[in-house]
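For the sequence shown, my numbering gives the first residue as 1, with consecutive numbering after it.
It is worth saying that the hints were derived from the structure and are not from the lab. We put the beta carbon where it would ideally sit given N, CA and C, even for glycine. There could be a bad hint or two in this list.
[Claimed, not checked] Derived DMTMM-like pairs: lysine to aspartate or glutamate, alpha-carbon spacing no greater than 20 Å straight-line:
no., residue 1, residue 2
1, Lys-51, Asp-80
2, Lys-51, Asp-81
3, Lys-97, Glu-28
4, Lys-46, Asp-81
5, Lys-51, Asp-103
6, Lys-51, Glu-96
7, Lys-46, Glu-98
8, Lys-46, Glu-96
9, Lys-88, Asp-54
10, Lys-88, Glu-28
11, Lys-88, Glu-63
12, Lys-46, Asp-80
13, Lys-46, Asp-103
[Stated by the list, open to error] Quick list of simulated restraints, FRET-style, between CB atoms:
no., residue 1, residue 2, range
14, Arg-77, Ala-38, 28 to 34 Å
15, His-91, Lys-46, 18 to 24 Å
16, Glu-79, Asn-39, 28 to 34 Å
17, Arg-69, Ile-93, 29 to 35 Å
18, Thr-41, Asp-80, 24 to 30 Å
19, Ser-50, Asp-103, 14 to 20 Å
20, Glu-96, Glu-28, 29 to 35 Å
21, Phe-61, Ile-93, 19 to 25 Å
22, Asn-59, Ile-93, 27 to 33 Å
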Amino acid sequence: LERAADDGQVVFCEWFSRPTGNFSTPVEHCVWVGNLPANITLPAFKEHMSKAADVLFANLFMEVMGSLRSFALVTYRSEDDARCAVVKLNHSILLEKELLVRDP
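Just need the whole structure built from these sequences, with the hints factored in.
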């Protein structure tokens, strides 16, 4: 868990895995996820996003109080996997919230 200041507000950023070494993934392999539930956990998020394809890593950016500005970035193994995630998981429900899944 890491903290960063953003215009005076505390933002939490959590990872369920991190890239190691000289790792560079094209943006085409990533998706943006918005409308996150305030009480989301990394295991629940990973399980949900893995319904489309294997997830390489993801970052959750959550404000302390939770808000519409909370979001996640998820990286998949391929551009096709990322497209599949957008098709399968956009408007999917996680913890009673409808997620928005888009190309970044």
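Comparing the hints with the structure gives:
Of the pairs offered as hints, the one joining Lys-51 and Asp-80 holds, with about 14 Å between alpha carbons and a cut-off of 20 Å not exceeded. The suggested pairing of Lys-51 with Asp-81 holds, with an alpha-carbon distance near 11 Å, which does not exceed 20 Å. With a C-alpha separation of about 25 Å, the suggested pairing of Lys-97 with Glu-28 is violated against the 20 Å cut-off. For the hint linking Lys-46 to Asp-81, the alpha-carbon distance of about 15 Å falls within 20 Å, and the restraint holds.
Proposed proximity of Lys-51 and Asp-103 is supported: the alpha carbons are some 17 Å apart, at most 20 Å. For the proposed pair Lys-51 and Glu-96, the alpha carbon gap of about 17 Å is at most 20 Å, so the pair holds. Between the alpha carbons of Lys-46 and Glu-98 the distance comes to roughly 16 Å, so the proposed pair stays at or under 20 Å and holds. Simply put, Lys-46 and Glu-96 have alpha-carbon atoms about 16 Å apart, close enough for the 20 Å limit, and the pair holds.
Of the pairs offered as hints, the one joining Lys-88 and Asp-54 holds, with about 13 Å between alpha carbons and a cut-off of 20 Å not exceeded. Restraint check for Lys-88 and Glu-28: the C-alpha separation of about 17 Å stays at or below 20 Å, so the hint holds. With a C-alpha separation of about 27 Å, the suggested pairing of Lys-88 with Glu-63 is violated against the 20 Å cut-off. Only pairs whose Cα atoms come within 20 Å are accepted, and Lys-46 paired with Asp-80 is accepted, the gap being roughly 18 Å.
Taking the CA atoms of Lys-46 and Asp-103, the gap is about 18 Å. The hint holds against a cut of 20 Å. Take Arg-77 and Ala-38: their Cβ atoms lie about 29 Å apart, and the range 28 to 34 Å holds. Distance hint check for His-91 and Lys-46: the Cβ-Cβ separation is about 19 Å, which falls inside the suggested range of 18 to 24 Å. Remark: the range hint 28 to 34 Å for Glu-79 to Asn-39 is upheld by a beta-carbon distance near 32 Å.
Checking the proposed 29 to 35 Å range against Arg-69 and Ile-93 shows it is violated: the Cβ atoms sit about 21 Å from each other. Checking the proposed 24 to 30 Å range against Thr-41 and Asp-80 shows it holds: the Cβ atoms sit about 28 Å from each other. Look at Ser-50 against Asp-103: about 19 Å separates their beta carbons, and that is inside 14 to 20 Å. Under the hint 29 to 35 Å, the C-beta atoms of Glu-96 and Glu-28, about 31 Å apart, fit the expected range.
The hinted range of 19 to 25 Å is satisfied by Phe-61 and Ile-93, whose Cβ atoms lie roughly 21 Å apart. Taking 27 to 33 Å as the suggested C-beta distance range, the pair Asn-59 and Ile-93 does not conform, at roughly 22 Å.
Hints 3, 11, 17 and 22, counting from the list given before, are not met by this structure.
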